[in-house]
Amino acid sequence: MSEEEKKKRAITARRQHLKSVMLQVAATELEKEQVAKEQEKAAYLAEHCPPLQLPSSMQDLQELCKKLHAKIEEVDEERYDTEMKLQKTTKELEDLGQKLFDLRGKFKRPPLKRVRMSADAMLRALLGSKHKVCMDLRANLKQVKKEDTEKEKDLRDVGDWRKNIEEKSGMEGRKKMFEGGE
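Just so you know, this note's numbering puts 23 at position 31 of the sequence shown, and the rest follows in order with no gaps.
Derived from the structure by calculation, the hints contain no laboratory data.
Hints are supplied without guarantee of correctness; some may be wrong.
[To be verified] Here are the computed lysine-lysine pairs in the DSS-like style, where the Cα-Cα straight-line distance is at most 27 angstroms:
id : residue 1 : residue 2
1  : 59        : 33
2  : 33        : 77
3  : 91        : 80
4  : -1        : 11
5  : 63        : 33
6  : 63        : 80
7  : 91        : 77
8  : 24        : 11
9  : 11        : -2
10 : 63        : 77
11 : 29        : 63
12 : 11        : 0
Computed from a predicted structure; not experimentally measured.
Make the full structure from the sequences, and use the hints.
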């Protein structure tokens, strides 16, 4: 074996050894954290939930139930308050996010679905039973009589183009055209 191979093997062996040592240290740290969490949990329960001592008389049991109900109501009030605070802060965060989005000026358009609906159906959907206006726009248009313009009269008078050409052909046609131009 060459010396380079020996060095490579030594380096990989050193890496594996360091890796195993790091894993052992991490495992001991995890165990310590779990023990600390369990101790903290036990201390909290001992402080907030004292061991239950059941009294022997009925009246003492009723007093104990009243105390327990009072504690339950207190805890429910705290839970409700914290939920309301959470909802309020999430709403404020959403509003601030929306304001920030508006200030940036980049609006993301929501994907719209194409709806095939007539104008009457759309008004009925928006206004409900109040809708009495008909959206037939052609029915509301005025009837206008066309007046004959000069061009149309000329076109009617010209008639068939073949006749017109026959008339203008020859000397008489040119004379008429020449006199008509004056």
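A quick look at each hint next to the structure:
1. Restraint check: the Cα-Cα separation between residue 59 and residue 33 comes to about 23 angstroms, which is no more than 27 angstroms; the hinted pair holds.
2. A C-alpha spacing of about 26 angstroms is found between residue 33 and residue 77, which places the hinted pair at or below 27 angstroms, so the restraint holds.
3. Note on residue 91 and residue 80: the hinted pairing holds, with a Cα-Cα distance of about 16 angstroms set against a maximum of 27 angstroms.
4. Proposed proximity of residue -1 and residue 11 is supported: the alpha carbons are some 18 angstroms apart, at most 27 angstroms.
5. A hinted pair counts as satisfied when its Cα atoms are at most 27 angstroms apart, and residue 63 with residue 33 qualifies at roughly 20 angstroms.
6. For the hint linking residue 63 to residue 80, the alpha-carbon distance of about 26 angstroms falls within 27 angstroms, and the restraint holds.
7. Under the criterion of a C-alpha separation no larger than 27 angstroms, the hint pairing residue 91 with residue 77 is consistent with the structure, at around 21 angstroms.
8. Pair hint residue 24 plus residue 11 holds up; C-alpha atoms about 20 angstroms apart against a cutoff of 27 angstroms.
9. Annotation: proposed proximity of residue 11 to residue -2 holds, straight-line Cα distance about 20 angstroms (limit 27 angstroms).
10. The suggested pairing of residue 63 with residue 77 holds, with an alpha-carbon distance near 21 angstroms, which does not exceed 27 angstroms.
11. Between the alpha carbons of residue 29 and residue 63 the distance comes to roughly 25 angstroms, so the proposed pair stays at or under 27 angstroms and holds.
12. Taking the CA atoms of residue 11 and residue 0, the gap is about 16 angstroms. The hint holds against a cut of 27 angstroms.
When held up to the earlier numbered hints, the structure conflicts with none and fits them all.
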